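Peer 1: If you want the building blocks of each chain, they are given just below.
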Amino acid sequence: MESARRPRYGGTLRVEIGAVVKSLDPATGATTPGEAAAKDDIDPLLYEGRSLEGAYTGAIGSGPFRVAEWEPGQRLVLVANESFREGRPFVDSVEIRMGRAARDRLLDVELDRADVAEIPPEEVRHAAEHGVRVSVSLPDELVAVVFVAGRPATEDRRSREALSRSIDRAAIVNFILQKQGEPAGGLLPQWSSGTAFLFSTAVDTAQARNIWSEITGPRRIVLGYDASDSLEESIAERIAVDAREAGGSVTVAAIKPGAGSVNADARLVRLRMASANPGEALARDIAAWGPIAGVSADPAPTAMPQQIYDAERAIVSTYRIVPLVWLPRAYGLGTRVRDWKAPATGAGWPFTDLWLGEVP
Amino acid sequence: MDERLRANLGGRHFRFVEAEPADTHLTVTLSEGTLGYLIVAQIRHGTEQQVAIFPVGRPEASRKPVAGVRLEDQLIWEQPGKVLDFALPQPEAGAPLKLIVLEVGRIVFYVRDQQQWQLDGSVTIPPLRPWLRAPRGYLDLSRGLADTTAALSGVECKGDFGHPETIQCSFVSQERAPWTLEQDWKSKNLASAGDAALISLSCEGRSIALATGSGDWTETDFVQGYEIGTLKGQQAMASGEPLELKGPVTALWPAEVGGRARAVVENLQTGNYEAHLVTATCSQ
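Chains A and B, in that order, are what the protein sequence lines are.
In case it helps, my numbering puts the first sequence at residues 1 to 360.
In case it helps, my numbering puts the second sequence at residues 1 to 284.
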């Protein structure tokens with residue numbers, strides 16, 4: 001008899017996600033951050049490799065899986081690529097159901113109707129209390145306020161600084177995220193850079209009040225968030241409350257996908273780290289944000305810790321990007337999933353290496 | 001920690017005095033990131049602050065002697081690609097040390113030159129069937145280098161491994177694969193372990209086996225020495241301290257030299273596959 005720790009082949013992995021993916025073409029842009037994140041997870045299953053710039057290489061189906069059935073926005077069935085260069089995946093196929101509500105995903109994994117289901121970080125505690133086997137990655141997704149350049153309300157640096165100081169990041173982690181994740185003061189998490197502790201995450205309502213009292217121009221800040229993301233909505237509302245307590249004024253505005261230009265002074269964004277390497281991650285973030293007024297920092301992916309810290313400090317000091325919290329990726333796992341590794345930073349779902357055991 | 005640091009510095013003739021008002025404050029923090037350990041110095045002068053960051057190496061943990069089977073670990077080789085097995089054939093007099101690494105699609109030969117392994121050649125193993133995701137492999141040098149076999153899942157390559165051009169590969173049945181035999185022995189003697197290897201060493205008349213943990217390949221692993229009872233039906237007993245490793249042991253085989261085993265480890269920190277030679281000795 002083969003050892004129980006040695007993987008076995010076969011079976012269909014049933015996956016449920018909340019995002020809706022409308023196109024598998026890497027050239028077709030995502031319409032929501034959730035769709036973009038899901039595509040980042042799906043693409044590595046279909047393509048053989050990735051260039052240093054992050055583009056997927058090879059033909060679709062050259063990766064560990066091939067597309068067998070595709071109902072855009074609803075369901076994707078992948079089958080194992082028998083000739084995958086690094087060896088055939090253990091599971092025969094993967095069925096991904098999209099657009100599933102968080103409550104339904106949780107219920108399905110509890111009842112073993114799904115093998116892997118994405119769980120919002122704020123639901124992790126609830127899931128664990130219901131006996132669901134939960135996998136949580138390192139916190140590698142940054143939630144931040146990004147100010148829109150050229151807006152009269154926020155061109156004054158003091159206005160941006162006041163907002164940053166008024167935000168109670170610990171409360172966001174403790175209450176909204178139910179203690180999942182960690183407050184963010186810098187652009188890299190402590191586990192990656194080792195220097196995140198140098199960036200304050202403390203709320204400073206008194207100082208924020210002083211700064212706002214000095215500002216004579218427009219003070220009301222319109223903060224946009226993704227209308228389809230309930231976590232962003234909760235965080236935006238919390239920021240508005242914190243700002244009000246410090247004498248500021250923040251109005252939240254839901255932004256619908258494809259709404260085009262929106263009358264917002266700042267936006268909440270969620271940005272996953274592209275790599276666990278701090279230099280590489282920061283370089284990719286800077287490339288994604290584009291030029292930041294008043295900042296010339298452009299660290300190389302191979303930069304030393306001092307250079308990385310200096311670049312991070314230069315960006316954060318402009319208050320054009322205000323880090324809020326680091327989120328982990330969380331998954332509920334069915335009882336037959338074996339050899340699951342929480343997704344590594346910069347990597348997609350680990351479906352190639354997991355296998356399905358017998359239900360105990 | 002503060003007390004221990006004070007005691008340690010006191011023992012080195014340092015004197016402690018009360019802090020006097022100072023214009024400049026220095027805070028030193030030992031931190032850690034994915035690039036390694038960092039010493040972070042924050043120098044505050046009024047409202048000004050400077051930060052200096054110095055990367056430092058990671059120290060190796062010290063090991064203490066223990067009773068029972070004592071295990072020593074020697075890292076021979078590491079590489080990003082999957083290693084199925086490896087071997088260090090006994091060198092002929094005056095000849096350089098050789099290393100053979102069995103990979104999924106090839107057998108690679110290295111020679112030791114100036115304290116480093118240098119590539120000496122390789123033999124491609126034809127993909128006689130689609131490669132498995134978790135293929136297994138075994139290098140059998142028990143009949144000497146001139147009659148060596150590299151066994152893989154469904155493929156066998158034989159020849160004089162001192163002359164790689166003689167190596168021939170062919171399709172074979174998996175029924176008598178070495179790991180099938182190992183599994184039979186393990187299920188009778190060390191059923192709860194992961195992989196096991198009976199090595200040519202005995203302590204006080206009892207045979208010694210080495211075995212891995214039984215966790216998933218997502219976890220760090222260990223190699224534990226076991227004393228095999230001489231009576232029929234007697235259970236193997238763990239002996240000595242386990243050898244902790246930085247990832248799962250994906251292969252464990254007895255080496256040709258007595259008291260040794262070859263272990264392949266997937267290092268979860270670096271992602272590399274590592275070839276370790278584990279030496280067991282009897283200790284009182």
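To be clear, the hints were calculated from the coordinates, so they are not data collected in a lab.
Remember, it's a predicted structure, so these values are computed and weren't measured experimentally.
It cannot be assumed that every hint is accurate.
Dumping the calculated EDC-like pairs for lysine to aspartate or glutamate here, alpha-carbon to alpha-carbon at most 20 Å [to be verified]: (1) Lys158/B x Asp184/B; (2) Lys98/B x Asp113/B; (3) Lys158/B x Asp113/B; (4) Lys22/A x Asp43/A; (5) Lys246/B x Glu69/A; (6) Lys158/B x Glu256/B; (7) Lys82/B x Asp353/A; (8) Lys22/A x Glu122/A; (9) Lys82/B x Glu86/A; (10) Lys98/B x Asp160/B; (11) Lys39/A x Asp25/A; (12) Lys179/A x Glu122/A; (13) Lys82/B x Asp160/B; (14) Lys341/A x Glu219/B; (15) Lys256/A x Glu237/A; (16) Lys82/B x Glu82/A; (17) Lys39/A x Glu69/A; (18) Lys98/B x Asp73/B; (19) Lys82/B x Glu48/A; (20) Lys22/A x Glu71/A; (21) Lys246/B x Asp216/B; (22) Lys341/A x Asp120/B; (23) Lys341/A x Glu358/A; (24) Lys22/A x Glu86/A; (25) Lys82/B x Asp339/A; (26) Lys246/B x Asp353/A; (27) Lys98/B x Asp140/B.
Which bits of chain A does chain B cover? Going by a derived footprint, with three or more residues having C-beta under 8 Å, they are [said to hold, decoys possible]: (28) 18-31; (29) 190-201; (30) 302-316; (31) 335-344.
Virtual Cβ for every residue (Gly too), placed ideally from N, Cα, C.
Peer 1: Each of the hints needs a verdict: does it hold here or not?
Peer 2: Checked hints:
1. Between Lys158/B and Asp184/B, the direct Cα distance comes to roughly 24 Å. Violation of the 20 Å bound is thereby established for this hinted pair.
2. Straight-line distance between C-alpha atoms of Lys98/B and Asp113/B comes to about 10 Å, which keeps the hinted pair within the 20 Å bound.
3. Proposed proximity of Lys158/B and Asp113/B is contradicted: the alpha carbons are some 27 Å apart, above 20 Å.
4. Among the hinted pairs, Lys22/A with Asp43/A is consistent with the structure: their alpha-carbon atoms are about 13 Å apart, no more than 20 Å.
5. Distance restraint check for Lys246/B and Glu69/A: the Cα-Cα separation of roughly 40 Å exceeds the 20 Å cut-off, and the hinted pair is therefore not satisfied.
6. Only pairs whose Cα atoms come within 20 Å are accepted, and Lys158/B paired with Glu256/B is accepted, the gap being roughly 18 Å.
7. At roughly 13 Å between alpha-carbon atoms, Lys82/B and Asp353/A fall within 20 Å of each other, so this suggested pair holds.
8. The hinted pair formed by Lys22/A and Glu122/A fails the criterion: a straight-line CA distance of about 26 Å is larger than 20 Å.
9. Proposed proximity of Lys82/B and Glu86/A is supported: the alpha carbons are some 9 Å apart, at most 20 Å.
10. A distance of roughly 14 Å separates the Cα atoms of Lys98/B and Asp160/B; the hinted pair therefore holds under the 20 Å criterion.
11. At most 20 Å may separate the alpha-carbon atoms for a hinted pair to count; Lys39/A and Asp25/A meet this at roughly 9 Å.
12. Distance restraint check for Lys179/A and Glu122/A: the Cα-Cα separation of roughly 8 Å lies within the 20 Å cut-off, and the hinted pair is therefore satisfied.
13. For a cut-off of 20 Å, the pair hint linking Lys82/B to Asp160/B is broken: about 24 Å separates their Cα positions.
14. Distance hint between Lys341/A and Glu219/B is fulfilled; the C-alpha atoms sit about 9 Å from each other, no more than 20 Å.
15. Taking the CA atoms of Lys256/A and Glu237/A, the gap is near 17 Å; set against the 20 Å cutoff, the hint holds.
16. Simply put, Lys82/B and Glu82/A have alpha-carbon atoms about 18 Å apart, close enough for the 20 Å limit, and the pair holds.
17. For the proposed pair Lys39/A and Glu69/A, the alpha carbon gap of about 16 Å is at most 20 Å, so the pair holds.
18. Between Lys98/B and Asp73/B, the direct Cα distance comes to roughly 19 Å. Compliance with the 20 Å bound is thereby established for this hinted pair.
19. With a CA separation close to 17 Å, the supplied pair Lys82/B and Glu48/A stays within the 20 Å bound.
20. Straight-line distance between C-alpha atoms of Lys22/A and Glu71/A comes to about 9 Å, which keeps the hinted pair within the 20 Å bound.
21. Note on Lys246/B and Asp216/B: the hinted pairing holds, with a Cα-Cα distance of about 13 Å set against a maximum of 20 Å.
22. For the given pair, Lys341/A sits about 36 Å from Asp120/B by alpha-carbon distance, which is inconsistent with the 20 Å threshold.
23. For the proposed pair Lys341/A and Glu358/A, the alpha carbon gap of about 18 Å is at most 20 Å, so the pair holds.
24. A C-alpha spacing of about 29 Å is found between Lys22/A and Glu86/A, which places the hinted pair above 20 Å, so the restraint is violated.
25. The straight-line distance between the Cα atoms of Lys82/B and Asp339/A is roughly 17 Å, inside the 20 Å bound, and the hint therefore holds.
26. Annotation: proposed proximity of Lys246/B to Asp353/A holds, straight-line Cα distance about 19 Å (limit 20 Å).
27. For the proposed pair Lys98/B and Asp140/B, the alpha carbon gap of about 15 Å is at most 20 Å, so the pair holds.
28. For the segment 18-31 of chain A, the assignment as covered by chain B is violated, since 0 residues bring a beta-carbon within under 8 Å of that chain's beta-carbons and 3 are needed.
29. For the segment 190-201 of chain A, the proposed coverage by chain B is satisfied: 8 residues have a C-beta within less than 8 Å of a C-beta in that chain, meeting the threshold of three.
30. Given a C-beta distance limit of less than 8 Å, the hint that chain B covers the segment 302-316 of chain A holds, as 5 residues qualify and 3 suffice.
31. Judged by the Cβ-Cβ criterion of 8 Å, the segment 335-344 of chain A is covered by chain B as claimed, because 4 of its residues qualify and three suffice.
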